[in-house]
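K.L.:
Listed below are the residues making up each chain.
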Amino acid sequence: MASLSVTPEKNTSAAPPAEEKAFSPHDFSMVFALIAIWLFFAFSSPNFVSARNLSNLAVELSITAVLALGMLLIILTGHIDLSVGSGVGLLGGLAAVLIFEHGWNAPLAMLVALLAAILIWAAMGTLIMTQRIPAFIITLAGLMVFKGLHWQVIHNATIPVSVGGAENLYSLLTTWYLPPLWSWVLAGATFAVMVYAQWRERKRRAALNFPVPAKDLAFSRLFITGQIILLFVLICNQFRGIPLSAIILAASAVFVWALTQYTRLGRYFYAVGGNEEAAHISGVPVTKVVIWAFAIMGVFVALGGFLQTAYAGASTTTTGQLLELDAIAACVIGGASLKGGRGTVAGVLFGALIMASLMNGMTLMAVSPEVKYIARGLVLALAVWLDARLGNAR
Amino acid sequence: MKPPILRAQDIVKRFGPVTALRGVSFDLQPGEIHALCGENGAGKSTLIKTLSGIHAYGSYEGELFLNEKPLQLKNIGDAERAGIAVIYQELALIPELSVAENIFLGNEPTRGAFIDWLTVLGRARELLGRFEVNIDPSTRVGDLGVGQQQLVEIVKALSKESQILILDEPTAALSESEVLQLLDILHDLRAGGLTCVYISHKLDEVFALADRITVLRDGASIATLDASETNKEEIIKLMVGREIGELFPRVVPENFSTESVPVLQIENLSVEPPEAGGQALHDISFCVRPGEVLGLGGLMGAGRTEVLMHLFGAWGKRMAGSVGLDGAPLDKPTPERAIEAGMVLVSEDRKRYGLLLEQMINFNLSLSSLEQILAGLFIDSNKEAVRNQKIFSDLRVKAPSLEAVVGNLSGGNQQKVVLGKALLSNPKIIFLDEPTRGIDVGAKQEIYQLINRLSEQGLAVVLVSSELPELMGMSDRIIMLHEGRIGGEFSKAEATPEKLLSAAMGQQAQLV
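Line order of the protein sequences matches chains A and B.
For the first sequence, this note's numbering assigns the number 1 to the initial residue and increments by one for each residue that follows.
For the second sequence, this note's numbering assigns the number 1 to the initial residue and increments by one for each residue that follows.
Think of the hints as simulated: they come from the structure by calculation, not from any bench.
Heads up, a few of these hints could be off.
[Claimed, not checked] Facing chain B, according to a computed beta carbon distance under 10 Å, are these residues of chain A, among others: (1) P180; (2) R205; (3) A207; (4) A258; (5) Q261; (6) A271; (7) N275.
C-beta atoms are modelled at their ideal positions from N, C-alpha and C, and glycine is treated no differently.
The shape of chain B in the complex, shown without the other chains (with noise of 0.2 Å):
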């Protein structure tokens, strides 16, 4: 073996009472794209914090080695100057400007007092082109969808020369087709000489990816092992330190019916997206009956957020069709409409569209169900504390009470309190937006048992998801948007990734 390009040994890193990393080593060999495992909380993001000087050398015990020599890293320049670059999960790009002036920024050639924005753009180009990104360098970077934004982001980082690339759940917001186009890249700098870091929620591409694999528990590093001689359980195993039977345990409820009355019924909805875009959507007909789980899949940009957007009032202007729940038409919906008649949304950005971060739980809880909880005009604490605490005992939220404050919450449970909010107000109908993005193993499984309970008791649901074996794993039945109309409709038993996949693309005639 080749003496490790970067080394991280025996990192403690405590704040105040709480110890998010207790000894954590691994090395990184030049050349490798190393994977970072561990659920929410294992302390992947610390670990990175520290690499990237963002945890001040002297904040945190323990010694990181860069080419066998001490590295003390005192805050994101030294990180930068070291060839160490971060790509975070919240993408840090500037919407207005153009990609050229974004790959630039704070970097920007001058001739003078001036900046030089020919030569800009024709690095930016040049740079575009060598990773053979096909984005015209002038275009507005809020113009592009999150996949592109994401390659804009790793031409950034590597245009500052950086050796060590650092990618944080990289794709948790690109669709499958753009998950590959990264992984090819990633592939492809690997080949060029890059060493590269790589923390993902998602097996599939870590495997796809990774030379090797660190799983970390708890703050601490469990094992460091090669992809090649280990596979999905035991890496799941290792992070959870349990066994998890099955990752996708869809329980059909016993008295379901296909002969049932639908709870929801779309007729040929056509929709034109607001003037701040989206897809349109033409013709879209489905049902969905109670106890059902139907799942909504596509590219990005597919459509399929547009659809729950839609029905329940937050997007776009209908122009054909009809939306009938529960039997009663649904005309003109505004989510307030919506939620009274039994329809509630969960929505994919939970902190832009679910909670408010800065609100006690016990607040986010009641916010759409405040009316069962009136006594006259006043809210009844007594009555709205005990309803709360149930949802909260049986979603099991890790909090200390009801009334801790939600932006202190970790991924997962943040998204319970948002899945209670929404239960809360007695759907009989629930839309679950990508419900599992950005959260770890174990919570993903508390999803999915709650999914099947819902069901159970004959709630309907719509499941969209990006990740093809949840879609697969959860639902009763599949339909595939493509470009704002049905690709294709599955039942779970007909439904394999190939066919999925085809629909998605929109080659629906080889399918027959």
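Just chain A, with the same shape it has in the complex (with noise of 0.2 Å):
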């Protein structure tokens, strides 16, 4: 059919007032926590705000978050991926290997293991459709056999990323920082883009009738997006620049940011998690969607997998151990919903943060693994709890 024939509608033009939704009790609790994790590492280990420390976090980051980010997608359909360490563990190992053993170029090592992730997750993504076996069934058993596959790779020994401590591309992932001018260019350039498209969408909405936040809202957001950047390259100046990794946490948040909100795929994959025989019903071709999102994490994992390794410098029998249990937490801390369909970029690296300072901080401190296991099962267990309650409230 063309179109209905228009009944004349006088009322379109009478915007209705703005919904004012800029943050959400859980958000605030969220806020509340990082902080109070920041106030008590400071004042219990002066070097936690150290420039150096401080440049460290930020890679310890970027790991935890951009295995969060490709976990985000598998929980928005509403399924999950427990063999994310395990998988961390095998691919940086096995471009370990063929770096050093076998004596190939780091970027050919990495696009191997790269093709072998996004292959090992895309048939994942196919056995838990087509088969219907349970998400949590195949990556518990791709957790174990992953595992097993990676200490055969390294035959459990330490593997280093790069011979001979020589710098290639995978040794540089950790190590290479923005030198402190380009910092400041791309700090620049990346908050000129915020301001313009922030003011390119409110025009945009206005010029549909649609419900534009307050201006002081916008302006107090951007003018705290811009505070964090300035402090954030303020920082990393005072040491060696931006890392690397910092950049690639961006550029994949970036991705996935605008692959949520701006394709179909990503309208998709929150269709699927939010009511699946709907989505199928409405035409989303629901085996695909999940396979692809599989996929994708493949080469998240592969990603997180080099930096982790980069980042200890060897691939070790230890590399990757448990987390996807951080991962998981980075979700759900920043508002995912486990059950599917609900959870955006934002919320995710905020949840990352979290996890991320708890985990560096108590390391400075140096307390004992068996308290930081402890440590990190509360945490996930009081943000699963606290957002249970607040979204009881809502």
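Taking the hints as your guide, dock the two standalone chains into a single complex.
P.N.:
Structure representation (structure tokens):
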């Protein structure tokens, strides 16, 4: 059919008042939690706020956050991936072995590991959807299989990411820094793009008679973002500049944000997780969508694997262990629903920052591993509990 | 008049700034069936929640009286102890448990620390027998039809020695024969002294059953009338507060021709149900022409929904037969391919198959037609907003904006969003499975008008309905299904309720 015979409507121009939903109680409690964590570590271990440590924190954050961004896609579709940590170990180890033992050049080795990751994760997605085996089970099996494969690939040894400590693309991932001057340029450009995008979005919404967020709210949001960028660059420049891994994280975040907000596939992620049956009846190719989510997760697992292995300098049997739980925790803390259909990139980055800060601070304070485990677990439980409580209050 | 068993006086209930009830008074005589009528949003559900203790005493203004003594319900348990039982629209049974287990859930007879299963079964059988419900108490509830589940719910409520039974839209999911059985049971219960509050959109049932009718509008009680002294037209007028000329305003498009080439042609279709169950289909043939409204009727479980879902690629395995859409065969359909080919389905269960309740209207509207608004890889949100805004105003969805969350809308407006989503995919044929289920009179009228406009534009419509008046009123041609086969086909002129019902019950011989 072409179009409905238009009944003359007079009131479309009367835009209803804008709904102000700047921050939810969940957002507030998470910001508060982050500030509390930072204050606590800053007082109990002054090194926490040193430029060097904050730069380290940025690298650690990028590892957790890259994995959490991939996990977000899978959680949006209502599934879960428990195999991330083992995958990180396997793929980082595979690239290291190809370089260190077989003399491959780093870009080629990393490309092969990346392709392997995409294939493996797409295969897991296919099994989950076509054979109707729960993702929990398939990826739990993956957790064990990949761990075994990882150990086999590195034959339980320690495999450096480069021969004789030389620099290569792999090792540079966590040791290269954008020089201070360029860091300012990049930060300035980023901020300018954000201001422009905001301005354009407001103009377009106004032109379409959509509710436009209040001016002062938009301004203060931009102002705070600008402050954070400024502070970030100031601190990074006191050390060596913006770490490459932070730039990788920013690029990944922009990619996932654009994917989830502005592409058909992204809409379908939310649709499949929100109500799979309704999505199916609406013509969404549910099976393909989930396989895509897993394939993209493969990319992020490989990326996380390279970052994590490069950060440690070598692949060992414990590389990547339990990273899946940090990634899931980051998503949940960031407000993603494990039932699917709800979650945002900003929230996940925030959740990852909380998890990374916690781990970094505890390491600085020389907290014993057993206490670290307990603390991580409690934070996860607390986040889910808070989410449930605040969710009910809404 | 006897003193009322239950009386509500000037109940006012506010949710924040919204006033849901602005002064409702009504009284319930012992042993009567009292119907509550009103459009969606008139305050019926809020009133029930007040009577059943969900809205606790103190959260509303006004007073309830039980046998003329003030009644202060703090929770559902209080209401149960006061003898008030409510059966909600959405069934509250556990499908994995047996009928007997469900009836005594939370109330199991024990022997020491253990549940006495023999007593459970025995008492369940006795209860079912008392109400002449012919169901084996050890059947799994999930294996029963919706209608039988409804009866189990009622038996469960009565097992708690309730004196007042409140039924919220009990027949929304029932077929005609199941409705009749339910009405019989309610008549018997009334004869046995039970008092009943009955809420329904279906005025036929209301008049078949009720002694008195209270009409609610915009949160206020407008009038209480004796059923014998009023009629449907008056009640509808009171409900909507305005005149509604005709109930079923079907207009056949002027350029419609019975000689035109069918848009959908189905021949000798036989389908096996998937493991999950459903009625197998046998040897189904029919066609639909552009601009035509084909009604598809039948009893519950006759295979109406199955036909639509199968054609749409979402149900069953095709064993034989052919389906042609616009001349091209549609052999292995999936919903994706069907939509691409110009077929679209609006499911009877909009919460399950229609909507993403957590998402905005905009998101839901676009879901089936994102390819129209792509600019390269990305969605052109500008184009999307303009396009969706147009259908949003055309369909007169009552919501603050395109960005309102669908879960917060009323049933009628949710249904409009589902329809909008379907229409945006530019279909040639649209399947409407119970499009007016659970929505109020005003929104029903809008949907009927929409059907007229769509057929005027040459769209073919297949309308499934369990309400015979709607089926007869809106269809140009009617096919009745009986146990997965075509039980009879009737033109609008031929169709009478008697003929349609006999065809639905497989008694074609009597027709001739």
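K.L.:
Each of the hints needs a verdict: does it hold here or not?
P.N.:
Going down the list of hints, with the structure as the test:
Violation of the interface hint for P180 (chain A) is found here, the shortest Cβ-Cβ separation to chain B being roughly 35 Å, above the 10 Å cut-off. Among the interface hints, the one on R205 (chain A) holds; its C-beta lies about 8 Å from the nearest C-beta in chain B, closer than the 10 Å criterion. Of the supplied interface hints, the one on A207 (chain A) holds, with its beta-carbon coming within about 8 Å of a beta-carbon of chain B, less than 10 Å. Interface hint status for A258 (chain A): upheld, as the beta-carbon distance to the closest one in chain B is roughly 7 Å, under 10 Å.
Using the Cβ-Cβ criterion of 10 Å, the hint placing Q261 (chain A) at the interface with chain B is satisfied: the shortest such distance is roughly 8 Å. With its C-beta approaching chain B no nearer than about 6 Å, A271 (chain A) sits inside the 10 Å limit, and its interface hint holds. Restraint check, N275 (chain A) versus chain B: the minimum CB separation of about 5 Å is within 10 Å; hint holds.
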